[in-house]
Amino acid sequence: MTEFVVPLASAGSPADVGGKGASLGELARAGVAVPPGFVVSVGAFAAAMEAIDGDGALRASVEALPVGDLPSIARVTALARERVVAAPLPSAVAAAITAAYAALGADPDVAVRSSATMEDSSAASFAGLQDTYLGVAGASSVLGHVRRCWASLYNDESVTYRRRLGMSEGSLAMAVVVQLMVRPRAAGVMFTRSPVSGDRSVVAIEGTWGLGSALVAGDVTPDSFVISKITGEITGRRVSDKGRVHSFLPNGHGVSVTDTPASLREAPCLTDDEIRALAAIARRVEAHYGVPQDIEWALLEEADPGAAGASSSADRIVLLQSRPETVWAARTAPPVAAPKARAADHVLSLFGKHL
Amino acid sequence: MEQDGSIPDKQGFLLPSQIGDVPGAENWRSMYQYFTRFQPDDDKRFWFYNSMHFPEPVPAFDSITSEIPYQAIGANTARLFVFPPTLGIEHRIVNGRVYITANPVLDPAEIGRRAAVFGPRAGYYYENWNSLYEGWKERVRGLIAQIEAIEVPSLPEWEEDAVVFESRGVAQNHYLQENFAKCLALYSKMWHHHTEMLMLGYGAYVVFFEFCAAAFPEISDQTVGRMVAGIDVIMYRPDDELRALARLAVDLGVHDLFTEGCVAADVLSALAARGPAGLEWLDAFAKARDPWFHVSTGDGFYHHHLSWNDDLTVPFTALPGYVAAFRAGTMHVRPTAQLMEDRERIASGYRELLTTDDEKAAFDQMLGLCRLVFPFVEDHKFYCEHWFTTRFFQKIKAFGALLAREGVLAEADDIFHLHHTEVDQALADLSLAWSAGSPPLGGAHFPAIIAERKRMLKVLRDWSPPPALGPIPEGLNDPAVRMLWGVTADRINSWLHPDPEEMRGVPASAGVVEGVARVLQDVNEIGELREGEILVCPVTAPSWAPVFGKIKAAVSDIGGAMSHAAIVAREYGMPAVVGTGDATKRIRTGMRIRVDGDRGTVRVL
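Top to bottom, those sequences are chains L and U.
Per the numbering used here, residue 1 is the first one in the first sequence, and the count goes up by one each step.
Per the numbering used here, residue 1 is the first one in the second sequence, and the count goes up by one each step.
Simulated from the structure, these hints should not be mistaken for laboratory data.
Misleading hints may appear alongside valid ones.
With a straight-line cut-off of 35 Å between C-alpha atoms, the simulated DSBU-like cross-links for lysine-lysine are [unchecked claim]:
#1 U:K182 / U:K458
#2 U:K137 / U:K182
#3 L:K340 / U:K360
#4 U:K360 / U:K189
#5 L:K340 / U:K137
Residues on chain L that point at chain U, a partial pick, calculated with CB under 8 Å [claimed, not checked]:
#6 S197
#7 R200
#8 S201
#9 V239
#10 S240
#11 R342
#12 V347
Reference listing, derived: stretches of chain U covered by chain L, where coverage requires no fewer than 3 residues with Cβ under 8 Å from a Cβ of chain L [unchecked claim]:
#13 76–86
#14 360–371
#15 486–497
Given the structure is predicted, the values throughout are model-derived calculations rather than measurements.
We put the beta carbon where it would ideally sit given N, CA and C, even for glycine.
Extracted from the complex, chain U is given alone in its bound form (with noise of 0.2 Å):
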C-alpha cells in the first residue's frame, strides 16, 4: 500500500488494509453493521484501538456501544458546541475490535469560524454549570425510569377485554418493534446527555493539563490531577455502602455468615432465618441496593457487565473481606481530610513556584474550572454507564427471554449475538407468526448464526490488536483523546518503539513495588484476585474498588491520568500505571513483576 509522501512507512504503523482475517473467524463481518469497516482510504488515517472500552470482541449487539456513543459524541463536539479544532470520532470494527480517530480541524480559517460559535455556547455551559448539572440529573433520572418501565410484550393467547372494552385498538405484537425500538432510543438520548457536558469537561482539563505543563515541563499528569480531584464523588459510594454493610453485620452479629467464598443466595436466606438482627441487615441491604448496586462490573460496554445487582457474587466476594478487616480494625478507610489537605499543599506549592501574579490569577481561574467540572465528569458514569446501561441490556434481555420462549433463541443471552437490526427482524417474524397463528421462522434462522458466533468471539480472543494503525497523526486535537485515552505524541512514540524487556504507560499513581501478577481478561473474573497480588487488566473500571483494598498495585492496558482507576489509585497511595497498551498480552498470572509508578513502567522480573 502507498504510503503518503511526507510520512514514511517505517515510522507509521501496520495499515489497516493490511490486517489479515483471524484464521477459524474469516466470518466475523457478519456480526457488524457495513458503516463499521475499514475502507482503502481508512489507510491515510492514524486509529489507535478502543482497548478501554473495548478489551476484548465486541458481540454483535455489543457493537451497539460503540454506534450509539459515537453518534452522541461526534454530535456534540462537531455539531452541538462546534469545537473548533476537531469534529468527531469515528469507529471502525476489525476482527471484533474496534479501532477510532478523531477527526482534526487543521485549517485555521475554519478553527476561526468554529470558534466564533464555539465561544458563547461552551461559556454559556461552564457559566451555568452546576445549575445545569443538577437539571441533568433530573434529566438522565427519568431516562432510566423510562427504560425500566418499558415493557416487554408477553403475546397472550387472547389480547385482555381491556384492550377492547377501552376501545384500545391495538395489540400485543405491535409494542414488540416498539418497545425495542424505544430501548434504542432511550439509550441513544442518555449518550447524547452522557456526551453533553463531559467533552467540555475534558476541555477543562486539556486547558489545565498544559498550563501545567509548560509552566513545569516535569510535572507528571498524575500530580496535576491530585490538585484537580474532589473528595466527594458518588462512585466510591457502592463500595462506601459495603463497608458500611461490613460493619452492620458485625454489630448485628451476623457476621460469621460472611466467610471467604460464600455464595450470596445462601447468606440472604440465612439472614432470613436470623430473626431480627437478619431481618435488619437485609432490610440496610435493600436500602443500600437502590441505587447504590445499580454499579457495573464493567464499565458498561458490554452485555455481561452486570451490575451488583444483577449478579451478586462481587459484593459477596467482597463483603468477607471487609468484614475480617473491620473486625481486625484495619478498614481502609478514605483519608478525606488528608486528601483535601493534600490537594490544597500541593496546588498552593505549584501555585507559589509561578513567577508574576499574572500567572497565578490564570492558574487559580484554570484549576477552579477544572474543580468545578470534576464531579460531573466523574459521577456521569454511575448515571450513564452504570444505572441506565445496566437496566438496558437487562431489559434487552427480557426480550431474549420472550425469543427464547418463543423458539427463536435456545437462551436469553443469545440475543446478544445478534445485531440490533436483526433483532428487529427477529421480533418482525415473531409479531407475524403470533398474528397468523404460525410459528416464527427465526428458530430455524438464527441458532446456525448465533453458534457460528459464538465460536468466532472465541477465536477471535486470542488475536492481539496493533495498538494503531496507520501514519503518525498531524494534530492531536480531541480533548477527550487526550484526556480520557491517554494518547499523546509519547504514548504513540512507545507503541511506535516497543522496549522488549519493558512496558511502557501512563505513570498515574507513584511507587515503586514488585510481587505476583493476576492477570484478569474480563471482570467477571474477580473472585481469583488474591491478597496482595498486583492486578493486570485492559482498564480498571470503578466497581472494582473492593478489590483496591486487597492488591499492591495496578496495571491496565489502556487509561489516563484522569481516568478512575488512576483517581483511586492515588487515593489508596498505590502505585499505578495505566495505558500500557498491551500488559495483558505480555504477563502472565503468577509472573513477578515490578511496577514502577513513578516512571510509568512495568518489568517482568
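So that you can see chain L by itself, here it is in the shape it has in the complex (with noise of 0.2 Å):
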C-alpha cells in the first residue's frame, strides 16, 4: 500500500513526492537546513483523483483538449478544477495529512506547495505554472490547499503546455510539500553561475526584505550581489529601492504586502558576512549535485523560535528549494582554448589573429 505522507527528511523518488519534494529531501539528508515538513505523496493524489475520476473521463476530456482552442481549455479546466477541489478526500489520505500536520505542532503556520513530478527537472522548467500557498493554518485550512495545489494541474497555462508538450494527461501526477512557515527578514534566489553571463566561478545572489514572494513575484527589484566562489570576494553589488515587502501573518491569515519602512529601502537586505554564508551553502549545494543550481532561499530573523541560539549567519539560513540551473546548461559553449606546442604560441595566436 502506498504511504500517502512522506517525512521531509525520507522524501526520495521524484516520482513518489515530486521534484521539489524530492530535491527538499535530498537536502536535508545533505545536512542543508530546510523548515521541517511532510510530503503528500503521488499516491495521495492518485487516490483522490480515483475519487474523482474513476473512469478517467474527465481527463480524457482535457487530453482531447486542442492546443490553441482557448475558449474550449478555459471551460473544461474550469469544470476539472471544481471538481478536485470540491470531491470529498478519501477518508485514509485525509487522515494521513491530518496526523502529519498535527506532529508539526499545535495548529502551526505552513506553507503548502505544488510538487509535480514532472517539474524542477533540468529537462522542462515548470517554474511558476503551478501554486504556492503561504501561511496557511488548521488542518481543514491544510486540506484545501492540498486540494487547490492538486487543482492547480488545470491551470489554463499548465494545461496548455501540457497539450503543447503533447504529454499524456493519465500519467499526469502530483505531490504536495507542507512545511513550517519561516519568517524570514529577508529572502531570495541564488545561482551558482551567473544568470548574465554563465561564468561558473561566481554565485549570484538576489534577495529582498521579508519573504521571497516579492521578489518571485516581480513586486520589488531585489538587492543583487555577485561573489566569487574562488576568492570569497563580492565582486558585484547592486542595492535597489525596494519599496513593497511581503511578510507572512500569523495563525492562518496568508500573506500581507504592505509598504517597506523608508530607512529599509535602500538598506542592503544582506551583509557581507550574510552573503558570504549564502555563498558558501550554494557551494555546498552545488558541489552536492555535481552541476549548477537554482536556488531558493531565506534568512530567518534572529528571534525566530526555529531558530533558537543561532548566532552566525550560516545557522540562520535555511533553503527552500534547488533544482538545477537549466538556461546555462542548455548552451553548449566552444572550448576557450587548446593547448599548443609552445607556451609562447598562445601568444604569436593573439597577436597574429585578424582582428
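Two independent chains are provided; combine them into the complex using the hints.
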C-alpha cells in the first residue's frame, strides 16, 4: 500500500514526492537546513483522483483539448478544477495529512506548495506553473490547500503547456509539500553560476526584505550580489529601492503586502557576512548535485524560535528549493582554448589573429 | 572641426585642435621640440593623457623622458619584434601634458605578414627568457656603471701636464658636448633595453587575461593578477632593507634617535657620535644604500624624482614608524607563505572550473608564461626607472652645476628648464668662451627664458587635462596600453560618461573602506601623510612602499590591474582603486571618501 504522506527527511523518489519534495528531502539528508515538513505523495493524489475521476473521463476530456482552442480549454479546466477542489477526499488520505500536520505543532502556520513530478527537472522547467500557498493554518485549511495545489494542475497555463508538449494526462501526477512557515528577515534566490554571463566561478544572489514571494512575484527589484567562489570577494553589489515587503501574518492569515519602511528601502537586505554564508551553502549544494543550481533561500530573523540559540549567519539560513540551473546548461560553449606546442604560441596566435 | 563620418562627434572626446592655451602660459610651446606638437590630422585619432608617467607639467629637459622612451618602445614593437597588430606609440605635448596613442595595424594581410616575422622572434625570447634576463641584468648594470663614470669637465685654467706629456691632445672643453651627448646616448640605450623584454611580458599578460575573461566572464583583473604575481620581487627590497635597519636600531639600542620628524643629517651625525653601536648601524646603512637606496621617490620620469640616496627624507620619514612598529610588535611582515598559498589556491580553483582537459592544459601554459615573465616585468623598473634614471638626472645636474659656476645659470637645477638641445647649445657657447677666454653669452640669454618657463609650469599645474582626446578608437591592440595604462573600452566609456558623484576606476585590490583623503600631487609631499588616511595620488610608484603600512586605502588617477600599486595593495590586503582618471582633481585633502576596491569606485561622502 502506498504511503500517502512522506516525512521530508525521507522524501526520495521524484515519482513519489515530486521534484520539489525530492529535492528538499535530498537537501535535508545532505545536512542543509530546510523548514520541517512532509510531502503529500503522488499516491495520495492518485487515490484522490480515483475518487474524483474513477473512469478517467475527465482526464480524457482534458487530453482531447486542441492546443489553440482557448475557450474550450478555459471551460474544461474550470470544470476539472471545480471537481478536484470540491470532491470529498478519501478518508485515509485526509487522516494521514491531518496526523502529519498535527505532528508539526499546534495548528502551526505552514506553506503548502505543489511538487509536480515533471517539475524541477533540467529538461523542462515548469517554474511558476503550480501554486504555492503561504501562511496556511488549521488541518481543514491545509486539506483545502492541498486540493487547490492539485487543482492547479488544471490551470489554463498548465494544461496549455502539457497540450503543447503532447503529454499524457493519465500519467499526470502531483505531490504537495507542506512545510512550517519561516519568518525571514530577507529571502530570495541564488544561482551557482552567473545568470547574466554563465560564469561558473561566481554565485549570484538576489534578495529582498521579508518573504521571497515579493521577488518571485516581481513586486520589487531585488538587491543583487555577485561573489567569487574562488576568492570569496563580493565582486558585484547593486542595492535597489525595495518599495514593497511581503510578510507572513500568523494564524492562517496568509501574506501581507506593505510599503517598506523608509529606513530599509535602500538599505542592503544582506550583510557581507550573510552574503558569504549564502554563497558557502550554495557551493555545498552545487557540489552535492554536481551541476550548477538555482536555489531559493530565506534568512531567518534572529529572534525566530526555529533558530533559537543561532548566532552565525549560516545558522539562520534555510533553503526552500534547489534545482538544476537550466538556461546555461542548455547551451554548449566551444572550448576557450586548446593547448599549443609551445606556451609562447598562445601569444603568437592572439597577436596574429585577424582583428 | 569636421569629424569622420563613422564616429559621431557626440560620442568622441574634445579634439586636440580644440584645446586652447592656458592663459599666462601661452608660450608653453617654447619648452618642447617641434615634433611633439599636435598636428591638424591628429584630430582623427584617439589620444589619452598619460597621467601615469606625466602627472604634472613637464619641464623642458624632462621632455626627454617621453622623447627617448617612445622611440625605444616603438622600435621594439614595430621594428624589432614586429608585433602584428600594433606599431609604436606616438606622443604629443599640449599645455605641458603628454598625450599618447598607439598606432594599430588593422589590415589583416599586413597583420599576417608581420605575424610571420613576430613568431620566431618572440618565440626565441620566451623560450630563453630566464637566461636572456640574466644577460639583460648584466648589460643594464654595465650601463649604470657607465653613466656613473661619466666625467663632467671642470674647465681648468690650464690643461694638466698629462694632456701634453701623454700627447692626448684633446682639451677639456671638447668633453663638454661629448660627455653630455654620452649621457643622452646611454639614457637611450637603457630605454631600448627597458623595452627589450617588457612588451613581450605584457603580451603574455594580455593572452592570459583574455583567456580568463572568456572562460570566466566575471573574473576581475585583480584576481587574474593574483594568480600571476610572484613573491620575490626586488621592488620590495628597499622597503625590506628599511625595516631591517629599523630593527637593527632597536637591537643596537640607538632607536631613540629615530623620532617622528627627525632630520636625516642630524640622526646620522648623532649615530657617528654613539660609539660602536652607532658605527655598526651606519655600516649596515651604507651597505643597504648601495644599491637599494637607488630607488626613486617617483617613477623616474621627472628630474625631481630623486632617489633615497639623493634625498634621505623618504627613508627617514618611514624609519621612526618602523622603529615604533617593531618595538610594539606590530611590524607588518609580508606573509609570503600565505601569499604563495593564496596564489596557488586561486589558480587551482579556477583551473578546476574549466570543463575540458584541453582548456586546463592551455590555462597551465598561459599562466606558466605569465609567471615566467613576471619577475622581469616587475624588477626591470628598479634597474631602469630607478637606479639608472636617478643616476642619469644627477649627472645632468652636475652639468647644471658647471653651467652655474660659469655664470650661465643661477643654480644647477635650472638646467632642467632647458631642452636638451638647448643644453647642448649652452655647452657649445661655454666651450667657445672658455677657449677664447671670454665669458659665455648664455648668462645673458638663458635666465629670462628659464624664469618664464618656471612661471609657466606653475600656471600649467592648475590646468585639468581631459583624460582623452579625439574619436573613440577602432581597436585597442597595444599590450602596454591595456596592461600598463589600463585603457579598455570600459575605461573609455567611463571617461565619456562621468558620474558626477562617483569616480570609476580599475578595482585593483578588494575591500571597502571609508576615511579621510590625503591628496598628494607630488611624491615629495610624502611626509604630509598621516596614519589611517586614504592616499589619493596621480600614480602610486613602487618606492612609496613605506607609506603603504600607514594608509587605509589607495586611489590613483591612472594604472591597471598589474601596475605596481595594484600588486602591492593586494599584498597588504588594502582596498585600492587605480585608473580613476581624475581623482586628484575631484578629491581634496580632508574630504571623507569611500573606496570600493570590489567595484572600482570612489565616492565623496
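Going through the hints against the structure:
{"no.": "1", "hint": "U:K182 / U:K458", "verdict": "holds, 31 Å"}
{"no.": "2", "hint": "U:K137 / U:K182", "verdict": "holds, 21 Å"}
{"no.": "3", "hint": "L:K340 / U:K360", "verdict": "holds, 12 Å"}
{"no.": "4", "hint": "U:K360 / U:K189", "verdict": "violated, 41 Å"}
{"no.": "5", "hint": "L:K340 / U:K137", "verdict": "holds, 30 Å"}
{"no.": "6", "hint": "S197", "verdict": "holds, 4 Å"}
{"no.": "7", "hint": "R200", "verdict": "holds, 5 Å"}
{"no.": "8", "hint": "S201", "verdict": "holds, 4 Å"}
{"no.": "9", "hint": "V239", "verdict": "violated, 12 Å"}
{"no.": "10", "hint": "S240", "verdict": "violated, 15 Å"}
{"no.": "11", "hint": "R342", "verdict": "holds, 7 Å"}
{"no.": "12", "hint": "V347", "verdict": "holds, 5 Å"}
{"no.": "13", "hint": "76–86", "verdict": "holds (count 3)"}
{"no.": "14", "hint": "360–371", "verdict": "holds (count 8)"}
{"no.": "15", "hint": "486–497", "verdict": "violated (count 0)"}
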